[in-house]
Every structure is written in C-alpha cells, then in structure tokens.
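*Asks:* Mind assembling these two chains? They're in different frames, but the hints should get you there.
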Amino acid sequence: MSVLVYIDTADGHVKKASLEAMTYGSKIAEQIGTSAEAVVLGPVNDDLTSLGKYGIKKIYNVANDSLNHLDAQVYTKVVAQVADAAGAKVIVFSNNTNGKAIAPRLSARLKAGFVSGAVALPETSPGFTVKKSVFSAKAFANVSVNTDIKIIALNPNAYQTIATDGTAEVISFNANVDPPKVKVTNVTKASGEVPLTEAEIVVSAGRGMKGPENWGMVEELAKTLHAATACSRPVADAHWRPHNEHVGQTGIAIAPNLYIAIGISGAIQHLAGVNRSKVIVVINKDPEAPFFKAADYGIVGDAFEVVPKFTEAIKKLKGVS
Amino acid sequence: MKILVCISKTPDTTAKIAFTDNNTKFDGNGVQWIINPYDEWYSLVRAIELKEADASVVIHLVTVGAADADPIIRKALALGGDEAIRVNADSHDSYYVASQIAEVAKQGSYDLVFTGKETIDYNGSSIGGMLAELLDLPYIALASKFELAGTKAIVTREIEGGEETCEVALPAVISCQKGMAEARIPNMRGIMAARTKPLKVVEPVSADSLTGIQSFSLPPAKAGVKLVDPENVSELVRLLHEEAKAI
Ligand SMILES: Cc1cc2nc3c(=O)[nH]c(=O)nc-3n(C[C@H](O)[C@H](O)[C@H](O)COP(=O)(O)OP(=O)(O)OC[C@H]3O[C@@H](n4cnc5c(N)ncnc54)[C@H](O)[C@@H]3O)c2cc1C
Numbered sequence: 001m002s003v004l005v006y007i008d009t010a011d012g013h014v015k016k017a018s019l020e021a022m023t024y025g026s027k028i029a030e031q032i033g034t035s036a037e038a039v040v041l042g043p044v045n046d047d048l049t050s051l052g053k054y055g056i057k058k059i060y061n062v063a064n065d066s067l068n069h070l071d072a073q074v075y076t077k078v079v080a081q082v083a084d085a086a087g088a089k090v091i092v093f094s095n096n097t098n099g100k101a102i103a104p105r106l107s108a109r110l111k112a113g114f115v116s117g118a119v120a121l122p123e124t125s126p127g128f129t130v131k132k133s134v135f136s137a138k139a140f141a142n143v144s145v146n147t148d149i150k151i152i153a154l155n156p157n158a159y160q161t162i163a164t165d166g167t168a169e170v171i172s173f174n175a176n177v178d179p180p181k182v183k184v185t186n187v188t189k190a191s192g193e194v195p196l197t198e199a200e201i202v203v204s205a206g207r208g209m210k211g212p213e214n215w216g217m218v219e220e221l222a223k224t225l226h227a228a229t230a231c232s233r234p235v236a237d238a239h240w241r242p243h244n245e246h247v248g249q250t251g252i253a254i255a256p257n258l259y260i261a262i263g264i265s266g267a268i269q270h271l272a273g274v275n276r277s278k279v280i281v282v283i284n285k286d287p288e289a290p291f292f293k294a295a296d297y298g299i300v301g302d303a304f305e306v307v308p309k310f311t312e313a314i315k316k317l318k319g320v321s
Numbered sequence: 001m002k003i004l005v006c007i008s009k010t011p012d013t014t015a016k017i018a019f020t021d022n023n024t025k026f027d028g029n030g031v032q033w034i035i036n037p038y039d040e041w042y043s044l045v046r047a048i049e050l051k052e053a054d055a056s057v058v059i060h061l062v063t064v065g066a067a068d069a070d071p072i073i074r075k076a077l078a079l080g081g082d083e084a085i086r087v088n089a090d091s092h093d094s095y096y097v098a099s100q101i102a103e104v105a106k107q108g109s110y111d112l113v114f115t116g117k118e119t120i121d122y123n124g125s126s127i128g129g130m131l132a133e134l135l136d137l138p139y140i141a142l143a144s145k146f147e148l149a150g151t152k153a154i155v156t157r158e159i160e161g162g163e164e165t166c167e168v169a170l171p172a173v174i175s176c177q178k179g180m181a182e183a184r185i186p187n188m189r190g191i192m193a194a195r196t197k198p199l200k201v202v203e204p205v206s207a208d209s210l211t212g213i214q215s216f217s218l219p220p221a222k223a224g225v226k227l228v229d230p231e232n233v234s235e236l237v238r239l240l241h242e243e244a245k246a247i
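Protein chains in written order, with the numbering used here: chain A, 1 to 321; chain B, 1 to 247.
Bound-form chain B, shown alone (with noise of 0.2 Å):
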C-alpha cells in the first residue's frame, strides 16, 4: 500500500490579513507559514495511523513550491512519512498545482492520495477533484473517516445535515476533514529523523494556470456592536425582528 499525501504551506490561522502591492499579493511580513491545518491533522495523521497500523505502508508526501516550502514539508516529515517530493514551482493556480500532482503520482503508482479539504489561506477545495480526473480516479470529497477493508475503502464522508458512508474501490483520491484523526505534535525523535529522510527535488512539467488573482479586498469592518440590558432581553428580540429583521 502506497499513500500519496499533498502537503500545502499556508499562512498560520491568527495571520494578519493584509495585502501588498496595490492590493494584489499577500503581505506575508512577519507571518508564520504551518502545514494547511487539514493537510496536517487530517489527511497526514491517517496516513500515519494507517501505517501504524501496518508496517508495509508507505507514505509519500508532495508538495508544490519553491525551497521556502522546505522547512514545511520537514516538519511533515516530523510527524511521520517516508519521503517528500517537492515540485520545484511558485505560485500558480489550482489546475496547475493539480497537474504537477498528477504527474508526481503516475510516477509513483500510489494506491491512495490523500489532500485536505482545502487550504485555509485560497479555500479553493479543488485539488482533490481536479487530480482524481486529471488521474481519471474516484473521488470522495470531505472525508470524516476512513478505513481501509483490502482492496476497497470503507469512507463516510460529509453531506448537508448528515453523512454518508461508502466503498470505494482503490486506488482513489480522498480529501479529508474533521473526524479523520485527531492532532498530533511532532516528536524529538521525529524531528530529528526527518532530518534524514529523502526530499526530492523535482522540476514542474509544463502546465497551464486557468484563472489568475487580480487583487484583493478586505470586507468592509462592522458598524460596532448594540449592547443590550440584559435584564432587557425583548429589547433584544425587537432589535432583531425590527431594525435587522432577522427574525
């Protein structure tokens, strides 16, 4: 059993959100960059517990960027895995991203990719989909569980108010969510064995990009809340039923 992981960079949640040059780059002075939260305790920590699970697994991770991706895709490595593939290309949009992956798993004939569901910084919760047709796979999209049942997977995944549980055959691409596994934090004996295992360098193939940013905006900032007595609730309720006509 071989398990592709996509490891995405994304500024840390408590980011300030503020952009650069007219509006049209992200200004990451003094941002932390972490592994995609979903990338990280969903998707990567499955994985991991599967090769608990059995030894014979084994687990590759591949991400899409220039060196500054190195010390994310090491601190991947940390918390378990085998190897890392980093596809040596800025920022593009997500079909090219998704073409790069594409080719990395023909090459590796893996039985499973996982991604996260998105990435908390351009939420596209693409390239999932656009790497199982690009690899013509099925495609299971908000994953909350997975279990592995010989040449099948046993998956539920999100559906509006409910779940829904399925068998897919293998090989297939999962994007994964909340409910997968719970967070880990790496160990000293992780860190330092990541130090040593193999990063691939590889050079991207030529791919196109669909859609490109033009510029960003921030919403505009609230009014400024109402406060209300609290021993005044109906005040409340009117508030919302008249002024906002929420309810």
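Chain A on its own, in the form it takes in the complex (with noise of 0.2 Å):
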C-alpha cells in the first residue's frame, strides 16, 4: 500500500507545483499509515533522491522515448502500471495542465473516484473527503471518495511546501509503452519569464492602462518583483496582450502569494479567477471600483504615476535602482 505523487516535469526539471503535490502526498501517507512514492515519466535531469526532503521514499522512473512528450493515452497507462506496482490507494497529481490531461484519464481507467482542484487534505477517519475549490474559487466543496484507489489533484498554490531532510530510492521501472499517438511539432515558451500559474507574485493589469504602449511600467514592475504578467478579458479581446495572460472566470484561475491589479474594475467574472490569491493589491482610480471590496490593500490613484512610484520604491528595498 502506498500513496502514489505524479511528479511533472518541463524540459527535464520537476515543477513547483510537484514539489507542493509531493508534500501534500506525504502527509496524506503520514495521515493513513503508509508511504509515500512518486512516479516521474520521461527524462529527468534534476536529481530525483533529493526529493526525498519531500517526503518521498520511492520514486519510479520509467523513460523511453515514447515518454519524451506527453500523450495523455500512453502517460496513463503506465501510470495505472506504476500504481498497480505500488500498490497505490491514493493518486496524487498536480492539477496544472498536464495533471488535467491524465489525472481524469486515470480515474476512469482504474475506476478510481477523482477530484480535482483540492485545496487541502482529505479526511481520511472516517471515510475519505476532500476540499475542493468550486464555483470559480467563490466556494468550496466537500466531497466523498468512494472508491478503494482516490485519485486528488490539487490546485497550484494551494498547499506549501515543506523541506526536510530524506533521500528517496529511485528506481528505474519498466513499463509497456505504447507508441504516441500525439506528435508534438513545436513548443513555444515565453523564455526567462515566471509561468503564469506558478508565480508566486502576479502583476496584472486592466483597460485603465488606456492601450499596449503603456505596458512598460507594468512589465518593469513585475520584472522588479520577479512576477508574471497577466490581464483582464477586455485587454486580452482587444489584443493588447496575448491570451495566455487572461485571468478570471473564462481564462486561467491562479492563486499567487500576491496579486497586484493595476487599471482592473475588479468584475466578478475577474475576481473568479484571482481571489485564491493570498494578498490582493488593488492600484485605481476609482475610489468605487469592486475590486476594492476583495483587496487587502489599496491605492486610489493614477496608475500612470502610482506605478512607477511603486518600482521605485519596491527597487530601493531590494536594494537595487
């Protein structure tokens, strides 16, 4: 018995938010009397025994070429593998984009319960319930698993992680691997730049910035604060900025540590997608605008002058101009 972590990885490197799945899997193993292991597809060049800190005891590695991209199909079938090795009660991903791709593929293949977006961990006496952000994150929902294996993906950002001391064993696996039935053809990363749903700050910011050319002072800011940029819809609509950096409701729902909103009214349908956020900071204009109603801080002001200002100063206690 076991619980099993997916650790997901980009160009060879464990992402945040497995670290964050891999500690939440171990207090999930440390709450139900087992241990916790991972299983990681593909190449890796991290050194996987170091996430043993995370509480992983084993980690399974299974590479092949047919693994070097992800096909959701073939992913799956030898995670069932691995779990079917591990003897796994309990299935831990990431729920980023490729945990959504073969988390629900997996619960279905193993008729597994599945729950997506958890956003703390299960009770497991009795029974076993999970906490799940519902609603556009403006509600939780408890919900019961009834199935002997539970597969969780839990929401980025949403648990801490924890370092301790531990090497994990890792070993290599040897799976069926099918051939890919998806081809990747390219691969377009925004190079140097904090991925939208793993920053830890975010500087978004609205129709108030007037047009595109004025995107300097809010780049300059989040580049200051090691942040990833995002916009609102309208901003997005109007080609002002591309349409990965659409937050809210119809776009991408992050939960950074701070979220900094510049020129946005603070819609509902916007609010859905960024009140995770652990500190809201609102920049407006408008002293009415509702955004201020969700905000833990606020300026009512001209971004064009507040902004600059706010690099200035943030600059100065880094210790940098």
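Here are the simulated BS3-like cross-link-like pairs (lysine-lysine), alpha carbons at most 30 Å apart as the crow flies:
| hint | chain 1 | residue 1 | chain 2 | residue 2 |
| --- | --- | --- | --- | --- |
| 1 | B | Lys245 | A | Lys309 |
| 2 | B | Lys222 | A | Lys318 |
| 3 | B | Lys152 | B | Lys51 |
| 4 | B | Lys245 | A | Lys285 |
| 5 | A | Lys138 | B | Lys25 |
| 6 | B | Lys106 | B | Lys152 |
| 7 | B | Lys245 | A | Lys138 |
Note that these hints are calculated values from the structure, not bench results.
*Replies:* As structure tokens, this is what we get:
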C-alpha cells in the first residue's frame, strides 16, 4: 500500500507544483499510515534522490523515447502500471495542464474516484473527503470518494511545500509503453519569464492602462518583483496582450501569494479567477471600483503616476536602482 | 466528418453563490442558467466554424441532464449544430456523466468530440479525459487552437508558461478553451431554425458515481482593504514587506 505522487516535469526539471504535490502526498501517507512514493515519466535532469526531502521514499522512473512528450493516453497506461506495482491507494497529481490531461483518464481507467482542484488535506477518519474549489473559487465543496483507490489533483499554490531531510530511492521501472498517437511539432515558451500558474507574484493590468503601448511600466514592475504578468479579458480580447495572460472565470485561474491589479475594475468574472490569491493589492483611480472590496491593500490613484513610484520603492527595498 | 459537442448547463457568471438544505445544495433561486461558457464560446463555435468551412461536417450536441436543460440545448442549437441528444439523468458525478456521453459517442461513431475545458460551477476539468479513456481515444486537454488536416488534427494546447502544438490522429477528444474561437450570439434565423431541429431524449445507461458532494462552504470574508495614500507609495511597500510578508 502507498500514496503515489505524479511528478510533472518541463524540460527535464521538476515543476514547483509537483513539490507541493509531494509534500501533500507525504502528509496523506502519514495520515493513513503508509509511505509516499512517486512516479516520473520521460527524461529528467534533476537529482531525483533529493526529492526525498519532500517525504517521498521511492521514485519510479520510466524512461522511454515514447514518453519524451505528453500523450495522455500513453502516459495514463504507464502510470496505471506503476500504481498497480506500488499498490497505490491514493494517487496525487498537480491540477496543472498535464495533470488535467492525465488524472481524469487514470480515474476512468482504474475506476477510481477523482477530485480535482483540491485545496486541503483529505479528512480520512472516517471515510475520505476532499475539500475542493468550486464555482470558480467562489466556494468550496467537500467531496467524498467512495472507491478503494482515490485520485486527487491538488491546485497549484494551495498547499505549502515543506522540505526536510531525506533521500528517495530511485528505481527504473520497466513499463509497457504504447507508441504515441500525439506528435508534438512545436513548443513555444515565454523564455526567462515565470509561468503564470506557478508564479508567487502576479502583476496584472486592465483597460485602465488605455493601450498596449503603456505596458512598459507594468512589465518593469513585474520584472522588479520577479513576477508573471496577467491581464483582464477585454485587454486580451483587444489583443493588447496575449490570450495566455487572460485571467478570470473564462481565462486562467491563479492563486499566487501576491496579486497586484492595476486599472482593473474587479468584475465578478475577473475576481473568480484571482480571489484565491493570498494578498491582493489594487491600484485604481476610482474609489468605487468593486475590486477594493476584494483587496487587502489599495491605492486610489492614477496608475500612470503610482506604478512607476511603486516600482522605485520596491527597488529601494531590494537595494537595486 | 461527425463532431460531438458536449454542452453543460451552468449558473450565469454573475449568479449569487449560496447554498440550501444545510449547505448541501446549490441555491438555484433566481439564478439564470446559461450554456457553460467554455462549451459555448470555444468548443461549439469552433465546431460551427469547421462546418462553415466544409458543409459536409455534421454537428451533434449532447447534454446529460433533466428536462430543465432543454432551453440550454435549444440555445446551443440556435448557435448551430444539426441535432441534439439529451441523456435524461439528473446531476451525478463526472464519472457517471462521462459514462453516459461515452455511450452516446459509441453509438454515433464520431470523428471528433469537443468538450469545454471545465464547467464554471464544479470546475472538474475531468469529463473530456474520462471520456477519452472510456473510448480509448487520444485526448488533448486545454486546446487553444484546432485545425483539421485530413485524417489528423493540428492542435495547440496550453502548457505552463507557453504552448505546445501537436498532430493527433482522429478520432480524438479535445477540451477547448480561450483562443479556439471568438464568442458569437445567436441570430433570429438560428433561433427559428433551432425550434425544428431534432432534440432526442434518451434514457441513461447504468453507471456508477464514484464521488459525492457532502457539503459546500463559502470562503471567509476579507477583513477589508487598507488604503494607502497615493503620495506615499513606499508605505505600501513597507506593508507588503513587513506586515503581509508578500515581497
Ligand atoms: C461570461 C463572462 C465571462 C467573463 N470572463 C472574464 C474573465 O475571465 N476575466 C476578466 O477579466 N473579465 C471577464 N469578463 C469581463 C468582465 O465582466 C469585465 O468586463 C472585465 O473584467 C473588465 O475588464 P477591466 O477591469 O480591465 O476593464 P474596465 O471594467 O473597463 O475597468 C477599467 C478600470 O480601470 C480603472 N482606470 C482607468 N484609468 C485608470 C488610471 N489611469 N489609473 C488607475 N485606474 C484606472 C477604472 O477606474 C476601471 O475600474 C467576463 C464577462 C462575462 C459576461
């Protein structure tokens, strides 16, 4: 018996969201009196043994040329084989782009109850109930899982990573791997920038910025904070910014430590995607902007004056100029 | 080319989120119901575009729900699509719903199944993946672009901090999100035509629910905003650093 954590990688590196999933999985293992193990598919450059510090005892590594890119169908069958070998009772994914492709498939394959968007450890005595985010982060649901094997997809930034001591035993696992039916032809990445869903800090701007030519100050602030940039829907719709920056109910849902909203009114559909953020700062010239009701800190003022000053003050704090 | 588009009924994006029956049920009182935006704006509209480009494309819509889903499916038909199937079953978990759609998909032998990336109420993001597994088909989640190329499709999907473009052999299941298509509104002709398009009601096959919602809760209210003078921006930085420990 074990808890099995799916380790997600990008360019051979373990994603931050997977460190959270490992910490979370090892806590569940403690809770139900078993050990936490993990599975990683495809090429990995990071030192896997060191992932023991997140509570993982054993890591199954499946390397095979057919696993160099995600084909959810192929990956699912491999994870199912590892889950079987590990006697997994609980399987943990990050609820990120790859997790969303594999976890539901695995649920159907193993006929194992699946809860996506988990935000807290499950209640395990009695039963097995997971708290998940619903209604686009406007509410939570407690979902009971009625099957022997349970699958959970943990929301990124919902559970704090804890690193202690420990090394994991890494074994190379021989799985039957089907030839992929999905062939990846191109990958484009915003290089050097922080992926939006993994970012600790997000600087986001709306129609109040007037036009794409004014985004320099937004980017400068983001750079100073090592933050990712985001925007409201009309901004993406008007092609001021790329679609993958659109956050909200119909865009990407995020939960950074700090969300800075500049010139965004705070419509309910926008809030739906960002109100899981731990700290929200709003800069808006309209004191009646609904966003202030959802904010922790705010400045009522003109973004064109406030944002450059804000960036300067942060640089001063960080000792850069 | 036959496309199956999955349609779900969700509360309007501005609906007040409240619960009844000791916090075990969503309070539908006064709530307006809409087509799940991801199903409508992205998957359905993209399917309609494919049909506009090639008149031989056939679009079927499927929903799993009680009769109160009929206005939603009619609205979807008003946007486009040739006929609709409603599996007459009340709400269940995603495995149950996926099992019902899988049955419809098997009977119709579709080349392509589109779902939205998630519903805006339960945010499961799971029907597409489950369906693909039940049908043993390839699955691309979170697609932002979709083109047909003979017996294959060229699909772009979201990855952390970027995009990945891939070729996939059809049939396949695709979950759709922003970028796939631009939102449309139904016109009068579409609304009139929808009245006479077939809406077939079929009874569910037996399937299990693997999970169940025990209760709902609302997040705690925010303590209230602390306002900082725009002339004193460094105070905001101090608060974020010392009090919130966020920078
Ligand atoms: C079904 C549906 C789904 C939707 N999904 C989303 C979604 O996912 N994400 C999303 O963002 N929206 C979504 N919307 C749209 C949403 O309702 C709002 O229209 C949108 O969020 C508004 O964007 P905004 O705040 O950038 O623009 P506006 O509402 O125009 O607000 C601009 C703000 O900038 C302020 N401002 C102007 N000038 C300055 C200045 N010089 N300095 C400081 N502040 C200034 C103004 O006071 C105002 O508050 C959705 C709508 C619907 C109907």
